[in-house]
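J.: Now for the letters of each chain:
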Amino acid sequence: MNGIDGTDRQVKTDEGPPPSLLAVVLDTNPHAWAHLSSTLPLSSCIAALLIFINAHLASGNGNEVAVIASHSHRAEWLYPTPHTTSPSHRSKLNGSTSSPNGTIKIPENPNKYRPFATVEQSLLQNFSALLSSTKEAHLAATPTTLIGGALSLALSYIAKSVLRHSPVDTGIENPLSALADSESSHTARVPLTSRILIVSVSGDLANQYIPVMNSIFAAQRKRIPIDILKLAGDTVLLQQASDATGGVYMKPEQPEGLLQYLMMGFLPDATARRSLVMPSAGGVDFRAACFCHRKVVDIGFVCSVCLSIFCEPNLPDNLCLTCGSYLSLRAAQTATPALIPRKKKKKKRAGGGDSATPGGSTPAGSSTPMHL
Amino acid sequence: MSASSSQALEYLELLPRQTHTKLYEQPSTVLAIFRCMLPHLAKTIVMAMLYMPTPFAASDLDAWFRPDGKREREKALAVLEQLHIVVPQQDAHRRTSYELYPGFARSLRQALEGSGTHRSFGVPSSTPDPKRVTVAFLDEYARNQWENILFYMVGSTVGLANAGALAQDVNEGTKALLRAGDFVKLAHGRVSITRAGFTFVLQETNAQVWSLLIVYLKHAPQLSMSETDVLSFLFMLGSLELGQDYTTSTLSATQLQMLEDLSAFGIVYRSSKDALTFYPTRLAVTLTSDSGALSSSEPLAKSLVSSNRDGSAQGFIIVETNYRLYAYTSSLLQIAVLSLFTKLTTRFPNLVSGKLTKESITRAVKLGISSAQILSYLTSHAHPQMQKTQPFLPPTVMDQIRLWEYEGERVETTNGFLMKEFSSESEYRDVLSYAESLGVLVWKSDAKRLFFVDRVEQISLYLQKKKNRSG
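Residue numbers (this note's numbering), protein chains in the order written: chain E, 1 to 372; chain R, 1001 to 1471.
Okay, chain R solo, but in the shape it has when bound:
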């Protein structure tokens, strides 16, 4: 599970049961959720239960896992229950057993077997398109649209002269969405980027797409669109074939409306606003697969993340131990992003060079960029020559960037919940170990029987269950 899909998972987990139930009616949605949202062991559990004729007894499940795999098991089950995929039951003898949610099981079976008549994997257009477009064109289109959006955010902040000219291509709806998502704010008629916006810009492309789409989803009800429709359409897009045209005739009104917005993002391509077909671009078809800018076999990395199409397709940044930085790029966007935390000095036709200095890093930190973000950006765009060493970046540079950040930051804050007033030591231990196995524990004090968690839903469920059992 990559960083990009975990955002989507967090969003999905917070949806109510009814939405889940509706979502699970579409096999393509179920398959996409299964493929990219679930933790690895959760997939294993789901698959084991999929064709099981009887409910899976909890004791059998325990026996299936090794004793040291308890932590992973709790985590997997917690996610499955949160998404209402697995339903725990108690029989007359108070023995717990698990069962797959019937709608989910049915749809997943249909997806695996290719049965049913749900037509949820996209209906290809039957009439050949006279103006058929190539994959290369789609890539180009997607990259242009997406870079425009990014440039709209970054360009004005770093004050590039021709920022305005490029950003004009971004349509009003997208601009409104970026503001709604708190990625940019308007101050004195000028666009400036926010802390969340920086996080957004420094992410991998796939994670960026998801971040933007989640903002879109959250605002869907305001535009009188149903969340379920929007989500299942997104998941369907993820299972389409690149370079194939699909018909719009089977789409609902909401989905037609979405098509327009999505083509503004560069996620789908339509030759005109009332065209009867649409083409998914690479941004769409990789929605539900791994983004992995680092994995070399991924064409997305080559075509989108870096925009210089010659030779060195993926990495272009070289950092030396003396903090000098060379970036083989001519893309304005890349240069703009680099200039957020680098003191750039020279620009050549295919190369910019500069230095990572204390001022440039602290300035970036003040703007809200964390050292981890800078490092992960530099790492994921490291030049192939740099990738020969492990780690890619010189350790001294990595440590120094962190030290510079820590100079300004002495206190760290986490939003969450304090659990206190446990009646006994054993109860405290029990809930604490549960919180630990879920990975939500932030801080604890054994002496005072207090602990602090950043997510509370699962724990309150657990406490409730405990209460029912004892009461």
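For reference, chain E alone in the conformation it holds in the complex:
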């Protein structure tokens, strides 16, 4: 009689892994790629990335991909090509490629699988458009890349895709109602597992500490792992990103072998990772960047109200830059930091990193008067 037991009442429908969405953030910072050009030119990196994306698409029939370039002056979609007229309708399911929007024509190639050709074509076109639109003024303005913007683009795309995939909602005209109970609705059937891969070449991202940290916390909350492939430079931030979200962190010793790193380390999706040992960043540097000068600090001063971090105690008018509450740090300065361990940055590393930013950091990103 065990067979009629209520426990197996669930008719087995689909034992296959859920479809997986891979959002690739490619750091296209021209300065950094110029440094790397002797070992790994950007073109061969993109070639490797395309093969990796094809491998990802081939790994599951419902698999999807999104590629975002984090350039020096803007974050740009490489794939899917954003529609200017109807942004809501992007269908690029692997099995059934609906005809691409009229702007991009895919040449017929009998040697290539159609969905692969579609991705490759639009990615390369958008990328060359991005490169040709880059002016010298843009390059001179900043030596770094807009990783924060690219990350939030990726996150918002993933959020939208998850909504599209929660099948119960498909018939509902009002997208807001789906938004309201999104927590409960997509438990119903085939959920979309998503992950973000950042191919990073730029160092020194501390000036974007706040937006990046906010994205990390958003990803953590949505259980989206952020994988980091660090080809050059070193940033505290990205290491923390993969650590906090349970992603993979790799800093290849030989960037030439990029493709093998990608195929072995980053291709397994959430389902496969459950039975694999994944590489992670051994010792993670948990240091934070201060809110006033965007410097990575060992010891800082923390606002007692909003937990903003400052590298020096001389605040204008003794007011916190983020929340505006009265904050006199002179007392902290008079004694040597070693005598007041409670004020030390070190003390708040574990919990502080989590609670520091969501509080009120976003306005600080734009309104800080002391930006250097």
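None of these hints come from the bench; they were simulated from the model.
Please read all numbers here as calculations on a predicted model, not as lab measurements.
Note that the Cβ used here is the ideal one computed from N, Cα and C, for glycine as well.
Among these hints, one or two may not hold up.
Derived list of chain R stretches under chain E, where covered just means 3 residues or more per stretch with a C-beta under 8 Å from a C-beta of chain E [what the hints assert, rightly or not]:
#: 1; stretch: 1036-1043
#: 2; stretch: 1060-1072
#: 3; stretch: 1109-1122
Straight-line distance between alpha carbons at most 25 Å, and here's what the computed BS3-like set of lysine-lysine pairs gives [claimed, not checked]:
#: 4; chain 1: R; residue 1: LYS1420; chain 2: E; residue 2: LYS222
#: 5; chain 1: E; residue 1: LYS295; chain 2: E; residue 2: LYS251
#: 6; chain 1: R; residue 1: LYS1420; chain 2: R; residue 2: LYS1075
#: 7; chain 1: R; residue 1: LYS1366; chain 2: R; residue 2: LYS1388
#: 8; chain 1: R; residue 1: LYS1175; chain 2: R; residue 2: LYS1218
#: 9; chain 1: E; residue 1: LYS160; chain 2: R; residue 2: LYS1388
So the derived label-pair ranges between C-beta atoms look like this [to be verified]:
#: 10; chain 1: R; residue 1: LYS1131; chain 2: E; residue 2: SER133; range: 56 to 62 Å
#: 11; chain 1: R; residue 1: THR1321; chain 2: E; residue 2: PRO191; range: 24 to 30 Å
#: 12; chain 1: R; residue 1: ASN1468; chain 2: E; residue 2: GLN125; range: 44 to 50 Å
#: 13; chain 1: R; residue 1: LYS1185; chain 2: E; residue 2: PRO82; range: 53 to 59 Å
#: 14; chain 1: E; residue 1: SER133; chain 2: R; residue 2: PRO1349; range: 29 to 35 Å
#: 15; chain 1: R; residue 1: ALA1180; chain 2: E; residue 2: ALA270; range: 40 to 46 Å
#: 16; chain 1: R; residue 1: ASP1274; chain 2: E; residue 2: PRO191; range: 47 to 53 Å
Given the coordinates of chain E, work out where chain R should sit on it, guided by the hints.
T.: For chain R alone, coordinates are given in the frame of chain E:
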């Protein structure tokens, strides 16, 4: 991996090495096998090894997997070895390492990179077709052809008056194939459906297509067609683009012959028998992708599985806790299928209603339909309103249908192999755990050191390897 592709996988696994070697020459075939036949972890292993310059040492592979992932690893490797994709090797120090079969690796690389000049992803017709057809037409055509085949099987059994009129469209070759596959049998000049036929009818469309094609494949040698050619053509069809016309000039003689049969199934469309182009229909392009009648994003479900094109595209059946059943359909085929296990009472223009009764279910069970098949049919065609609850069907109805079936069935049979006479407890344990990790173990008795498996190929290989190692 869905149910439909696992059938194809079973078929592929039984092919000899030479056939595999030949199959792996075509990148489109390799890609299709990779995409829809391999278990998830096997894909991961293949991809990790694809661009690896040296063989993958078994010890490294072990280290890559978590200790609790051993079972999955064994399973994945077993499939890969069975398909001759991964070749185990032993070096001078008796260390095992794995290597991808070179032909497979080369073709998969070509497929991923889009390199080479194999032209295996279909050559589109260069001249514009004056009589170009639309996607909607292709869908309609495919659905008509396929429903005719199904109706030919079901219609006569349930005794619908106009069954004959509809079934006339099914051509002789297809009828012969259905008989050969044991889906229907001819008794007293009348077609009646068999147990296998019921299993077939209640499957999802994609699984049905594969079942029929596998029968086709098994009979290909009799029609003097080479299996490899047939298989690679099917896999190529799976990678084509819907609504595009492809030229027939690059096809082999076997494949041209196939085109004719496939257009009878509704898998491809040709405007006439000697047309120079062909169009793949939705049945073809979804051959190698997920069928998933349940996944809402799949257009196949909308256009093929249910034939009422208005509003409620996918689900149309409502079952109440009092065993009453309402089906919003006007398709004769759907009604015929429902009447196999339902006592239908009323028919309206867009609705039939009836009741699931003990008689109707036991009658269905006697015909060879299992309760699991009935439940999965009802579940996969559940009305969107029903899909709001989890599970879709009322639990009391599900349990009762099973109970009704169990009343008649006390004994269950499985074909397989009994393993016995193990020399030691440790050997017994070792082979047993291997069988368990492969998922072929059906029954065991520790006291008598006996166990029973339903597949034996992998185990005999394993035993042989063990013998070589010790000897």
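J.: State for each hint whether it applies.
T.: Tested hints:
Coverage of a stretch by a chain is defined here by at least three residues with a beta carbon nearer than 8 Å to that chain's beta carbons; for the stretch 1036-1043 of chain R and chain E the count is 4, and the condition holds. Only residues whose C-beta sits within less than 8 Å of a C-beta in chain E count toward coverage, and the stretch 1060-1072 of chain R has 7 of them, enough to reach three; the restraint holds. Only residues whose beta carbon comes within less than 8 Å of a beta carbon in chain E count, and the stretch 1109-1122 of chain R has 13; three or more means the coverage holds. Between R/LYS1420 and E/LYS222 the CA atoms are separated by roughly 52 Å; this puts the pair beyond 25 Å, and the hint is violated.
For the proposed pair E/LYS295 and E/LYS251, the alpha carbon gap of about 23 Å is at most 25 Å, so the pair holds. Taking the CA atoms of R/LYS1420 and R/LYS1075, the gap is near 23 Å; set against the 25 Å cutoff, the hint holds. About 33 Å separates the Cα atoms of R/LYS1366 and R/LYS1388, which puts this hinted pair outside 25 Å; it is violated. For a cut-off of 25 Å, the pair hint linking R/LYS1175 to R/LYS1218 stands: about 16 Å separates their Cα positions.
Proposed proximity of E/LYS160 and R/LYS1388 is supported: the alpha carbons are some 22 Å apart, at most 25 Å. Taking 56 to 62 Å as the suggested C-beta distance range, the pair R/LYS1131 and E/SER133 does not conform, at roughly 44 Å. Distance hint check for R/THR1321 and E/PRO191: the Cβ-Cβ separation is about 29 Å, which falls inside the suggested range of 24 to 30 Å. For the pair R/ASN1468 and E/GLN125, the beta carbons lie near 56 Å from each other, so the given range of 44 to 50 Å is not met.
For the pair R/LYS1185 and E/PRO82, the supplied restraint of 53 to 59 Å holds, since their beta-carbon distance comes to about 58 Å. The supplied range of 29 to 35 Å is broken by E/SER133 and R/PRO1349, whose beta-carbon atoms lie about 59 Å from each other. As the Cβ distance of R/ALA1180 to E/ALA270 is approximately 44 Å, the hint placing it in 40 to 46 Å holds. Look at R/ASP1274 against E/PRO191: about 50 Å separates their beta carbons, and that is inside 47 to 53 Å.
The structure is inconsistent with the numbered hints 4, 7, 10, 12, 14, although it conforms to all the rest.
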